[in-house]
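Chain by chain, the residues:
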Amino acid sequence: MAIEARKPPPQFAARMKRVLGGRSGLSGIAMQLLFAAALVWVGYEIIANARTNLETQRIASGFGFLNNTAGFGVSQALIPYAENDSYLRVFLVGLLNTLAVSAVGVFFATVIGFLIGLGRMSPNWLVARLCGAYVEIIRNLPLLFQILFWYIAVLAALPAPRQSFSFFGVAFLSNRGLVVPKPIPLDGSAPFLIAVLVAIIVAIALRIHARKALFDRGSVVTIWPYVLAVLVGLPVLSIMVFGMPATSEPPVLRGFNFSGGSRVVPEFVALALALSTYTAAFIAEIVRAGVTSVHKGQVEAGGSLGLSRGQTLRLIVVPQALRVILPPLTNQYLNLTKNSSLAVAIGYPDLFSVFAGTSLSQTGQAIEIIAITMGVYLLISLVTSAIMNFYGWRVGRSMSA
Amino acid sequence: MKRSALAASMFMTVLLAAGSAAAQAPKATSTLDVVKNRGMLSCGVSQGLPGFSAPDDKGNWTGIDVDICRAIAAAILNDPTKVRFVPLSAKDRFTSLQSSDIDVLSRNTTWTLSRDTSVGLNFTGITYYDGQGFLVAKAKNVNSALELSNATVCVQTGTTNEQNVADYFKANKMKYEIVAFSSADETLKTYESGRCDVFTSDVSQIVAERTKLAQPDAHAILPEVISKEPLGPLVRHGDDQWFDIVKWTLFAMLNAEELGITQKNVDEMAKSDKPELKRVFGTDGNLGEQLGLTKDWVIRIVKAVGNYGETFDRNVGENSKLKIARGWNKLYTQGGLQYAPPIR
Ligand SMILES: N[C@@H](CCC(=O)N[C@@H](CS)C(=O)NCC(=O)O)C(=O)O
Numbered sequence: 001m002a003i004e005a006r007k008p009p010p011q012f013a014a015r016m017k018r019v020l021g022g023r024s025g026l027s028g029i030a031m032q033l034l035f036a037a038a039l040v041w042v043g044y045e046i047i048a049n050a051r052t053n054l055e056t057q058r059i060a061s062g063f064g065f066l067n068n069t070a071g072f073g074v075s076q077a078l079i080p081y082a083e084n085d086s087y088l089r090v091f092l093v094g095l096l097n098t099l100a101v102s103a104v105g106v107f108f109a110t111v112i113g114f115l116i117g118l119g120r121m122s123p124n125w126l127v128a129r130l131c132g133a134y135v136e137i138i139r140n141l142p143l144l145f146q147i148l149f150w151y152i153a154v155l156a157a158l159p160a161p162r163q164s165f166s167f168f169g170v171a172f173l174s175n176r177g178l179v180v181p182k183p184i185p186l187d188g189s190a191p192f193l194i195a196v197l198v199a200i201i202v203a204i205a206l207r208i209h210a211r212k213a214l215f216d217r218g219s220v221v222t223i224w225p226y227v228l229a230v231l232v233g234l235p236v237l238s239i240m241v242f243g244m245p246a247t248s249e250p251p252v253l254r255g256f257n258f259s260g261g262s263r264v265v266p267e268f269v270a271l272a273l274a275l276s277t278y279t280a281a282f283i284a285e286i287v288r289a290g291v292t293s294v295h296k297g298q299v300e301a302g303g304s305l306g307l308s309r310g311q312t313l314r315l316i317v318v319p320q321a322l323r324v325i326l327p328p329l330t331n332q333y334l335n336l337t338k339n340s341s342l343a344v345a346i347g348y349p350d351l352f353s354v355f356a357g358t359s360l361s362q363t364g365q366a367i368e369i370i371a372i373t374m375g376v377y378l379l380i381s382l383v384t385s386a387i388m389n390f391y392g393w394r395v396g397r398s399m400s401a
Numbered sequence: 402m403k404r405s406a407l408a409a410s411m412f413m414t415v416l417l418a419a420g421s422a423a424a425q426a427p428k429a430t431s432t433l434d435v436v437k438n439r440g441m442l443s444c445g446v447s448q449g450l451p452g453f454s455a456p457d458d459k460g461n462w463t464g465i466d467v468d469i470c471r472a473i474a475a476a477i478l479n480d481p482t483k484v485r486f487v488p489l490s491a492k493d494r495f496t497s498l499q500s501s502d503i504d505v506l507s508r509n510t511t512w513t514l515s516r517d518t519s520v521g522l523n524f525t526g527i528t529y530y531d532g533q534g535f536l537v538a539k540a541k542n543v544n545s546a547l548e549l550s551n552a553t554v555c556v557q558t559g560t561t562n563e564q565n566v567a568d569y570f571k572a573n574k575m576k577y578e579i580v581a582f583s584s585a586d587e588t589l590k591t592y593e594s595g596r597c598d599v600f601t602s603d604v605s606q607i608v609a610e611r612t613k614l615a616q617p618d619a620h621a622i623l624p625e626v627i628s629k630e631p632l633g634p635l636v637r638h639g640d641d642q643w644f645d646i647v648k649w650t651l652f653a654m655l656n657a658e659e660l661g662i663t664q665k666n667v668d669e670m671a672k673s674d675k676p677e678l679k680r681v682f683g684t685d686g687n688l689g690e691q692l693g694l695t696k697d698w699v700i701r702i703v704k705a706v707g708n709y710g711e712t713f714d715r716n717v718g719e720n721s722k723l724k725i726a727r728g729w730n731k732l733y734t735q736g737g738l739q740y741a742p743p744i745r
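These protein sequence lines are chains X and B, in that order. The first sequence maps to residues 1 to 401 in our numbering. The second sequence maps to residues 402 to 745 in our numbering.
Quick caveat, the hints were computed from the structure, so don't treat them as lab data. A portion of the hints provided could be inaccurate.
To be verified - Calculated lysine to aspartate or glutamate pairs in the EDC-like style (CA-CA distance at most 16 Å, straight line):
{"#": "1", "chain 1": "B", "residue 1": "K731", "chain 2": "B", "residue 2": "E719"}
{"#": "2", "chain 1": "B", "residue 1": "K574", "chain 2": "X", "residue 2": "E83"}
{"#": "3", "chain 1": "B", "residue 1": "K571", "chain 2": "X", "residue 2": "E83"}
{"#": "4", "chain 1": "B", "residue 1": "K576", "chain 2": "X", "residue 2": "E83"}
Extracted from the complex, chain X is given alone in its bound form:
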């Protein structure tokens, strides 16, 4: 099986030659160096050019503007924000809004995508056709159009604040969004959070133990009663000993709008809805491709073991399909995140809207702001890829185990 590794040439110089010049040897090295020098020069020219242009037009440059006062309001901020905060703060507010809508979008896109993708292969004719129609319709309409559609549809369906749908008088749904009571932490909040954390760790440990028992000895250990007991019991215990973790500030209608409480704005809902249903259509196709790539014999083997169709899918087909699914799935996650920059069309304050939009037009510092924004989208994409690669590596490892 093992192939004898070819011995590298012993001399250091020859090796360097190969690394730098390929097969063409020393002249190749010279070419490479020249090429690199030319690239550096081009880069330098571009920067120098931009700098002199900015200077002759007397456009402000540099990153000092980040500390200046932004002076405009934002409808949704996950961290405290006021008009007299700096552009740096605006950047953070926008970034968090982008991450929030992307995370929610990715979650629902994955769930809907898997359901539709598997549904499309269902033996039930109607289900299969409906899922097929979903994919064909959704992926063939422009995303911006879908975002505007959902925004208008969401707004049209919702009443004015005074006529809002009330949920037991504590939560309210209107065209200003969904307002829910806002939790205000009390003394019991720290012990409560610790209790929840400990419960989760214990639950994970139990699961690891159960899997080990299954793989090593083939014995099935029932853990769910213990997991449930810990997850519910520990927090309840903490409440009994240390008191309630938080009290709530209920929203009240005051003049034009609700004041107090926490709110989900309609722009967020419309954007998350549009992004997840749109991306789900692509994910569905990826899932279908992945499942189709699993050999038919595997399904038949599952059937002959007496597994139901659902069990065969869950335990045999999907884990093998994941290897094919993960790389293009990562692409879809990245697309969704980048597509969230269409938010500006419906007034959702994402990074692109408040930073590369409003801040840019107020300061005029296009080069700096676009560079920062591009860098951030790149970073988000790289981190997403890294997480997905890690997951893929784990899937691959458990498959070969």
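Starting from the known structure of chain X, fit chain B with the ligand onto it as the hints suggest.
Here is chain B with the ligand on its own, set in the frame of chain X:
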């Protein structure tokens, strides 16, 4: 051997690219020459604001901001139709001018210190004295902006309006929520859907946008004017001749009104032997040429778009759909603020 040939050709390509990048290194290019060579003025306008800059049913751009561009084109190219109009949203307009995509921005833009300095632009004058106001549905029974506490406000992003709202509500210790859109149409549509209680913008633009609502009469403009919004054309820093041409185009229109020169009587008046009129019409001296234009530059401008008052009345004033009163935009001789330095 083949590989190094490939590498060599790639290297040459890079060299060429770098060479041309270096060749484009900034030298003072004259915008006037660029416009003359192109035979076309490139003018940034709004994406459709009736009275200021909007395409009519035949696709021709009309409006008071559009007329400024037509006047410049007439002065330089002797043809007011030689203008390429570039529709720009509020947040994209400055980048477009900075990067030389357009020669002049004439898009209901407020003259502020930071735009005049750090954004790298120069305002050439004031075509329209304005201020910011609020539009509210009459059904809401609001009579003053001071009753807007806790209101939700729709506004266009990248405007002075977005900042003024923040200042106004803070100064009056009122809470508010802002929803900001990149396009005017989306802002208005969302306001109409009931997502916002108020729509805010410069008063003239509220009057213009209100005409697009399904029921314009169901909405009222509140009495408070919360800011100064002097609107005017802008050019890039660094080309003084171009700055002068755009500046004096507006001044020519204002002087024409003051002197009683109209689109109709301009040929007649050009025969006058009054010293002041002879200077203006270029029958005496070479003032137009000092600007880099021709001696008959004022005649060209007035023939193309009329004097300032005619442009105002036709687009936003009594002869238009908007019927906005001249107010601050009357000439100083009539009790308004419009005042142009003399052509001499
Ligand atoms: N004068 C203000 C506001 C200018 C502005 O963009 N106003 C909006 C009001 S709706 C507009 O004209 N929009 C038209 C468009 O975007 O096409 C400024 O310079 O910042």
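Pair hint outcome, K571(B) versus E83(X) [Cα-Cα no greater than 16 Å]: This hinted pair holds, its Cα atoms lying about 9 Å apart.
Is the hinted pair K576(B) and E83(X) satisfied, with a Cα-Cα distance of at most 16 Å? Status holds; Cα separation ~12 Å.
Within 16 Å, alpha carbon to alpha carbon, are K574(B) and E83(X)? With a Cα-Cα distance of about 13 Å, the restraint between K574(B) and E83(X) holds, given a limit of 16 Å.
Are the Cα positions of K731(B) and E719(B) separated by 16 Å at most? Roughly 13 Å between the alpha carbons, so the hint for K731(B) and E719(B) holds.
Hint compliance for this structure: no hint is broken.
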